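Peer 1: Fit chain Y to the given chain Z structure using the hints.
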Amino acid sequence: MSDALEILDQVGKWKASGKGVALATVIVTWGSSPRPVGSQLAVDDSGAMMGSVSGGCIEGAVVKEALASIADGKPRLLDFGVTDEQAWDVGLACGGKVQVFVEKVN
Amino acid sequence: MKSETLAALQTARAQRQAVTLATRLNDAAETLIYPDKADGEFADDAALVAAARRAMAIGRSETVELGGQKFFLNVYVPPARLLIVGAVHIAQSLAPMAAMLDFDVTVVDPRGAWATGQRFPGVKVVQEWADEAFDEMGLDVSTAVVTLTHDPKLDDPALEAALKTDVFYIGALGSRRTHAKRKDRLAEAGITDEQFARVHGPIGLNIGAKSPAEIAVSILGQIVEVRARRLEALSAPKVAAA
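Protein chains in written order, with my numbering: chain Z, 220 to 325; chain Y, 42 to 283.
Because the hints were derived from the structure by calculation, they are not lab data.
Everything numeric in this text was worked out from a predicted model, so none of it was measured.
Please note: incorrect hints may appear among the correct ones.
Pairs of lysine to aspartate or glutamate residues, derived as EDC-like cross-links and limited to a Cα-Cα distance of at most 16 Å, are as follows [stated by the list, open to error]:
no., chain 1, residue 1, chain 2, residue 2
1, Z, Lys323, Y, Glu173
2, Y, Lys111, Y, Glu82
3, Z, Lys293, Y, Asp68
4, Z, Lys232, Y, Glu45
5, Y, Lys43, Z, Asp228
6, Z, Lys323, Y, Asp68
7, Z, Lys234, Y, Glu45
So that you can see chain Z by itself, here it is in the shape it has in the complex (with noise of 0.2 Å):
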């Protein structure tokens, strides 16, 4: 339900009452990933969080890595798939690959 400009909106609203925010954004994929490049996950610095990135599998990572880039103020790029050493950790069950770009928003 969550498309891209609510998930700005919501950006908006935290941002507006004071909050640190960061935004994780899927910028691409390979083979069958759950959720297509371009998808937002909003985290703001309680961990709260609006949109998605995958199907449940890495957004525990992404909420961890965005409260660390709200914490410093710099991007990170990140991979999830099977062929990382994560794979049993946070990886993607079905056997796709993910890039993230996590970036606070100022």
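Peer 2: Showing chain Y alone in chain Z's frame:
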């Protein structure tokens, strides 16, 4: 993302304007590229602007590498619109289902008893003749039009008006016989067979739909399919003629 960028994206949406946000991946530097202008650090980079406009034309976000630098092109196109002509029972199912699929939904019906907010909570309802309402809204390629009234005096002008535009989907409720009669009437109004072929009728995918909600599913299934096929065709590599 800069807060000005966020504001620009929100403004573009409010104006139903397509825009691509190009973000350089190593430092998150941003450039906004519109169909007719560009704004930001790489606004004068012809290759980047061209790539962004291509992505916008097919409505697909992607990562590109230009001059050794990686950019993510995030395409924001206005949400597809669904204009439902006829504030009837099927429309009461179709409108909320379409909203769930991120369509921007408007129900149009000049009949006051039907076109009430009470029958359509949370949906835009316009109590006007469809052709007049369409004129004001400006139909475009991201718009779908569905006629549900069963009444030629309400459906026909809507179909005529929609056929003059490049909306991506037109569908009309009614049996094969009704549809054949409709074709004859519109032919008298100057609509050619080729133009009329754009109208999906009987409307919807053939899934044996009976109830209003099932018919709504069949209509939405068809709209989603037509839109996906169109985008596939647009993004397919062009094959040179032999």
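Peer 1: Going through the numbered hints above, which ones does this structure break? Give me the numbers in ascending order.
Peer 2: 1
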